[in-house]
Amino acid sequence: MNEISNKWIGTNTIRPDGADKVTGRAAYAADTSMPGMIWGRVLRSPHPHARIKSIDTSKAEALQGVKAVVTSKDIVEFPVDKPVALGIQDMRWMSRNVMAREKALFHGHPVAAVAAMSEAIAAEACKLIEVDYEVLPWAIEIEDALKPDAPILHDFVQFEGKPSNIAGTLEHKLGDIEAGFAKADVVIERSFTTRPVHQGYIETHACLVSVLSDGKTTIWSSSQGQFMVRAMTSLLTGIPQSSIRAIPAEIGGGFGGKTIVYLEPLATMLSKKSGRPVKMVMSREEVMRATGPTSGSTSTVKIGATKDGTIVAAQGVFYLQAGCFPGSPIRGAAGCAFAPYNIANVVSRGFDVVSNRSKVAAYRAPGAPIGAYAVECVLDEVAEALKIDPLDLRIKNAAREGTKAAHGPVYPRIGLLETMESARKHPHYKAPLGKFQGRGVASGYWFNAGGESSAQVNITEDGNVVVTTGHPDIGGSRAAIANIAAELLGIDYRRVSVLIGDTATVGYSNLTGGSRVLFASAIVVTDSAEQVIGQLKARAAKIWGISADAVVWENGEARPSGDHTGNFPTMTLAEIAAKATETGGPIGAGVQLNTTGAEGGFSTHICDVEVDVDLGIVRVLRYTSFQDVGRAIHPAYVEGQIQGGAVQGIGWALNEEYIYNKKGHVDNPGFLDYRMPVCSDMPMLDAVMIEIPNPKHPQGVRGVGEVPLVPVMAAVANAVHSALGKRYYSLPMSPPKVLEGLDEGTLQAAE
Amino acid sequence: MTDMRYLAPSTLDEAVGAFAAAAGAARILAGGTDILVQMRAGMVQPGLIVDIKKIPELTGIEETADGGFVIGAAVSGAVLYEHPRFGEVWPGVLEAINLIGSTQVQGRASAGGNLCNGSPAGDSVPAMIAAGATVTVQGPNGRRQMPVEAVPAGPGRTNLTPGEILVSFTLPPRAKGASDAYLRMIPRTEMDIAVVGCGVNLTLKDGVCTAARVGLGAVAPTVLLVEAAAKALIGSKLDDAAIETAAAACRAACRPIDDKRGTIVYRTKVAGVLLKRTVAIAADRAGRA
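One line per chain: the protein sequences are A and B, in this order. Sequential numbering of the first sequence, starting at 1, is according to our numbering. Sequential numbering of the second sequence, starting at 1, is according to our numbering.
So here's chain A without its partners, still in its complex pose (with noise of 0.2 angstroms):
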């Protein structure tokens, strides 16, 4: 399918879900309602730690206009001696992070939730809920929680033999460190934080959720996945997968964020109690105080080379915030953070560490930007020691095909190298800086995924095609899997729909994470396609009455693969479509596979920026990502991804934080404070995207979604130390920080 000759791949086709969206007719989860709907709200814990005595919601129950109450008694309790997986969630933690149960462990945590005639009744009701808390002491920070008399959030959770918040442990290893170190002729070694940072989606999350007397429920959300919409409130609400339809709205945003469920278990039980369907919408306050951002974190990086700047050893260690439950994105901290070069001596280590704010959720490549942070910093100090260019000390060390990587993998072909040496002879890296300008560089790796995926292609009776895929479609999938359709059956993609199936439509389909989502639906359609094309020939032979094997399908239409097979006029998709009923009635085929052959990502970026040293502000003057993409099905849209990643990660790097006050609660729970860049603040975000095709893949592709942010930070803190000769060793780089840090002999030396 690489041909040069591609018809629809890797073209920019009009964007499927474009009309909906810009008239305003896209239906996102809070835009469903039903007729005798009622209003679900949820009443949040005023403390960050407390347990929880008792509930009294007898007042509540009795206002007029209440409909249902629910508490943790309501969801289905798992027992936190039983691990029970869910993807890489845990209903132990799924089932406490909904509803409160023991203890409420962050300020925003669900205690109860109560549905009326109104939002302002439910709201009404909430306060006359009464909750009676022992109020305990808490722990924000990293630090903090890891003192020795820190309040502990689990008893049952023990590191070295004693009661701990650190919840888990992760350690790649790679030949000998001490022996690696022994021969380094330069050996940096930093400490680095990060704080949590949300995904920012726009939209809050909603659903509507309706159970009828016999159990059938129907679930209208917003999310990365309805079938994990439906097996999540499946277990936490004890109504069977069967009988849940979960319905996927359009998706306002998720970057991971909506990896996991918040409302819908509560509608569920809201709606079961009732009788009537329910709607839940969160307001913002509510998505910052109580949804998953992702970890802040406290790291350490070493790093020794030698004199001709080969890296002879590394070692990380990682501590993660993972929110109140465990499950911090370790793995991806860990093990991303040296993925991108060839170390010969590697440990790195993973710290999950439990705090008293909400439950960290999946962002975009979770864990691996804060790995590559430290590890491109320190490495740029490296450079810096032994008077080498950065990227030559990259291109020098850069893993490739055959480099066995700590965490595991022995790479295939991979396009590292050629992001790499791209962005060295870019006209970028030679652009002249100015006073108090600066460039950094930086790479990363992130795993990709490739994993369950479902999809039927039918063709309708007038000769068009309909692909029914499972995953949600927050990064451009239904174009891309329009134009692979389009090009595999040799017609105009304007004659493919692609739709997004429910629950009880098309077959399971993991959710879409880990860049999953065009790796494995693409295979699963090219395979569903491919049998369509099998039953088109098919047709056309039987309709000719000659072989199956005598027929080829070219440009959308069928003929005789030569005049000694017969004489016969082509036949195209819409003919041989009129005729189905008689040739054995309709044409469609579904496949269902657990994908595998999804290649890691890489991406190497070029930042500069110009600092305002009165004022302490970074403006980013530049940025340049080169990515190896694998095959672009739709490079508009690829484009989008590298350049979405590169805003969120300045948005982490320069301004975005979560600021907790002396309550130990979110002071910042709003988007005014809250501070994403917004469009002004970016200059021309540049893609390059270079195609070295995944070999194991239809199309060639590899994931794009995530990768575009993981080197973002250490680029921008590599650029910042360049323009400054001074470094930051903690994000955000906020102007109040920045011009801290600078004092009248850095500012000399800078000028």
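No lab work stands behind these hints: they were computed from the structure. Note that the Cβ used here is the ideal one computed from N, Cα and C, for glycine as well. Hints are supplied without guarantee of correctness; some may be wrong.
The following label-pair restraints were derived from C-beta to C-beta distances [what the hints assert, rightly or not]:
1. B:D284 / A:T11: 43 to 53 angstroms
2. B:R40 / A:K663: 19 to 29 angstroms
3. A:N12 / B:E190: 58 to 68 angstroms
4. A:G238 / B:A8: 52 to 62 angstroms
Assemble chain B onto chain A, guided by the hints.
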């Protein structure tokens, strides 16, 4: 769950009557860009909303015979921007008002609302103070005038008495060689709230500063008129020493807090930096005015 009434009177007397009669349960609606947000957040639940946008005096822009301007309290930033003369005469005031919110918000937000919201970080307020603007207010006991700097009482509070409504701003006539400027520090480039805001209005004659006023926002419970900074500028040729003295006066005037938007140390330093930058812009404009 209480009911809320909405009134949109066409005369000021009617508005003042209804507002006063509601005795604190009412809120004034101009552009609504603060009040509607506060209502949605559950911070306020007014029993009565008095919409003042139907009252001609509150929505007009008048250039007076002496060359001054009277701007209705409910005039939106976008409407003021489109005025053919105002931006030429008061570029600093206009740029400050136009910094309130997004393009969409500009279609609604007004300088009157910005002042009455009582935020120490309101962008238009330092520029209005620097301009020497006065406000006309009307209440149950009639009309009165007061300088803009006398309106804020503290975060979220004003010195308007119960039942009083802000009617208009009066900006004085301009001397030749006079101009103004406003700058704010925000971490982003737009859609943000001032960490420090600085308005400077000055008059130059033969290169000498003959009059100046400096307004400083977000560094104290209310927006400040920094007379010491103005004094340092007046009589000087805006040389480095004079400007440094004025910057020091701005730093000395700061009584900021440490909060999520900035530290005491940071805000204090930035006040001086902004003073210098704002003076440079205002002086450049004055040189051409």
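| query | Measuring from beta carbon to beta carbon, are A:G238 and B:A8 in 52 to 62 angstroms? | reply | The hinted range 52 to 62 angstroms holds for A:G238 and B:A8, with Cβ atoms some 53 angstroms apart.
| said: 58 to 68 angstroms was suggested as the range; check whether the CB atoms of A:N12 and B:E190 agree with it. | reply: violated, 29 angstroms
| message | Holds or violated: the 43 to 53 angstroms window for the beta-carbon distance between B:D284 and A:T11? | response | holds, 51 angstroms
| field | Whether the CB-CB distance between B:R40 and A:K663 falls inside 19 to 29 angstroms | value | holds, 23 angstroms
In the structure shown, a violation is registered for the earlier hint numbered 3 alone.
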